[in-house]
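Here are the chains, one letter per residue:
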Amino acid sequence: GEDVEQSLFLSVREGDSSVINCTYTDSSSTYLYWYKQEPGAGLQLLTYIFSNMDMKQDQRLTVLLNKKDKHLSLRIADTQTGDSAIYFCAESPLTGGGNKLTFGTGTQLKVEL
Amino acid sequence: NAGVTQTPKFQVLKTGQSMTLQCAQDMNHEYMSWYRQDPGMGLRLIHYSVGAGITDQGEVPNGYNVSRSTTEDFPLRLLSAAPSQTSVYFCASTAYEGNTEAFFGQGTRLTVV
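Chains as they are written, first to last, in the numbering used here: chain A, 925 to 1037; chain B, 803 to 915.
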């Protein structure tokens, strides 16, 4: 079955770039996502990438996909204290879309002044 | 639009009790899902529905029942609560099959003692 792995913690200084990494095992994954969860809240979609793409940029966010190594990363430029949250990598097959997500364990990002 | 609304926000149950977690969405979305979030394990799919009257099992369905009598509502029933069901439960919806953005509720924190 599918398996998605992430490191548990990341600490960065305000203004630096953050890079959160994720590896997945399912070769048939069609969509790969990054979700953000703030304390006591639900998950919010940040960005997603189709599996036939290598990179996607959206303002401060850059997603890189290495299909050969099944590695996905999220880079946050100019990290702010408001970016402190848990970030989840997720994947889904073509037929499920956003409805049948397989999530990673989540990476807790702490932004220090 | 309220989005996805879950009730209650918090619940404590005794082992063996039953209860229903409510989920409602006002976006006329076809797809709805239930996930549970446990420390160090990310979110796992319990059940999902592709439309009124149609439900299917996810990764961890045992001990839970669902029904989808209307497009708006997707309740999750715990038949006989067990301590292993202590978790945070999230409901999500997506507009249609293959749509990439899932909207999540705020979650229900359930403790079974």
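A portion of the hints provided could be inaccurate.
Pulled a few chain A residues facing chain B out of the computed Cβ check, cut under 10 Å [as the list claims (entries may be wrong)]:
| id | residue |
| --- | --- |
| 1 | Gly939 |
| 2 | Tyr957 |
| 3 | Ala965 |
| 4 | Gly966 |
| 5 | Cys1013 |
| 6 | Ala1014 |
| 7 | Phe1027 |
| 8 | Gly1028 |
| 9 | Thr1029 |
| 10 | Leu1033 |
Now the in silico label distances, taken between C-beta atoms and shown as ranges [said to hold, decoys possible]:
| id | chain 1 | residue 1 | chain 2 | residue 2 | range |
| --- | --- | --- | --- | --- | --- |
| 11 | B | Asp875 | A | Lys991 | 33 to 41 Å |
| 12 | B | Gln859 | A | Glu938 | 40 to 48 Å |
| 13 | A | Glu938 | B | Gly855 | 48 to 56 Å |
| 14 | A | Ser935 | B | Ala854 | 29 to 37 Å |
| 15 | B | Gln859 | A | Asp927 | 37 to 45 Å |
| 16 | A | Glu929 | B | Thr888 | 21 to 29 Å |
| 17 | A | Asn945 | B | Asn901 | 44 to 52 Å |
| 18 | A | Phe974 | B | Ala804 | 25 to 33 Å |
| 19 | B | Gly805 | A | Arg999 | 27 to 35 Å |
| 20 | A | Gln968 | B | Gly865 | 27 to 35 Å |
| 21 | B | Met843 | A | Gln968 | 41 to 49 Å |
| 22 | A | Ala965 | B | Pro877 | 15 to 23 Å |
| 23 | B | Gln859 | A | Lys1034 | 35 to 43 Å |
Simulated from the structure, these hints should not be mistaken for laboratory data. All C-beta atoms in this analysis are idealised placements derived from N, C-alpha and C, irrespective of residue type, glycine included.
Against the structure, the hints:
Annotation: A/Gly939 was flagged as interfacial toward chain B, and the flag is violated, the nearest CB pair being 29 Å apart, outside 10 Å. Evaluation of the A/Tyr957 hint against chain B yields a held restraint, the C-beta minimum of about 7 Å falling below 10 Å. Contact between A/Ala965 and chain B, as hinted, is supported at the beta carbon level, the nearest pair being about 6 Å apart and thus within 10 Å. Interface restraint check for A/Gly966: the shortest CB-CB distance to chain B comes to about 3 Å, inside 10 Å, so the restraint holds.
Of the supplied interface hints, the one on A/Cys1013 holds, with its beta-carbon coming within about 9 Å of a beta-carbon of chain B, less than 10 Å. Interface restraint check: A/Ala1014 against chain B, minimum CB-CB distance 8 Å, threshold 10 Å, status holds. The interface hint given for A/Phe1027 is met, as the beta carbon of that residue sits about 4 Å from the closest beta carbon of chain B, less than 10 Å. Contact between A/Gly1028 and chain B, as hinted, is supported at the beta carbon level, the nearest pair being about 5 Å apart and thus within 10 Å.
A cut of 10 Å between beta carbons decides the hint on A/Thr1029: the least distance to chain B is about 5 Å, and the hint holds. Restraint check, A/Leu1033 versus chain B: the minimum CB separation of about 15 Å is more than 10 Å; hint violated. One distance hint, 33 to 41 Å for the beta-carbon pair B/Asp875 and A/Lys991, holds here, with the actual separation near 39 Å. Against the hinted window of 40 to 48 Å, the Cβ-Cβ separation of B/Gln859 and A/Glu938 comes to about 44 Å, which satisfies the hint.
Distance hint for A/Glu938 and B/Gly855: a CB-CB separation of about 51 Å, consistent with the stated range 48 to 56 Å. In this structure, A/Ser935 and B/Ala854 break the distance hint of 29 to 37 Å, their C-beta atoms being roughly 46 Å apart. Roughly 19 Å separates the CB atoms of B/Gln859 and A/Asp927, a value that falls outside the hinted 37 to 45 Å. Between A/Glu929 and B/Thr888 the beta carbon distance is about 24 Å. The supplied range of 21 to 29 Å therefore holds.
Evaluation of the 44 to 52 Å hint for A/Asn945 and B/Asn901 yields a failure: the beta carbon distance comes to about 27 Å. Separated by about 31 Å at the C-beta atoms, A/Phe974 and B/Ala804 satisfy the suggested range of 25 to 33 Å. Distance hint check for B/Gly805 and A/Arg999: the Cβ-Cβ separation is about 28 Å, which falls inside the suggested range of 27 to 35 Å. Distance hint for A/Gln968 and B/Gly865: a CB-CB separation of about 28 Å, consistent with the stated range 27 to 35 Å.
Remark: the range hint 41 to 49 Å for B/Met843 to A/Gln968 is contradicted by a beta-carbon distance near 20 Å. Taking 15 to 23 Å as the suggested C-beta distance range, the pair A/Ala965 and B/Pro877 conforms, at roughly 22 Å. The beta-carbon spacing between B/Gln859 and A/Lys1034, approximately 37 Å, falls within the hinted interval of 35 to 43 Å.
Checked against the numbered hints above, the structure violates hints 1, 10, 14, 15, 17 and 21; every other hint is satisfied.
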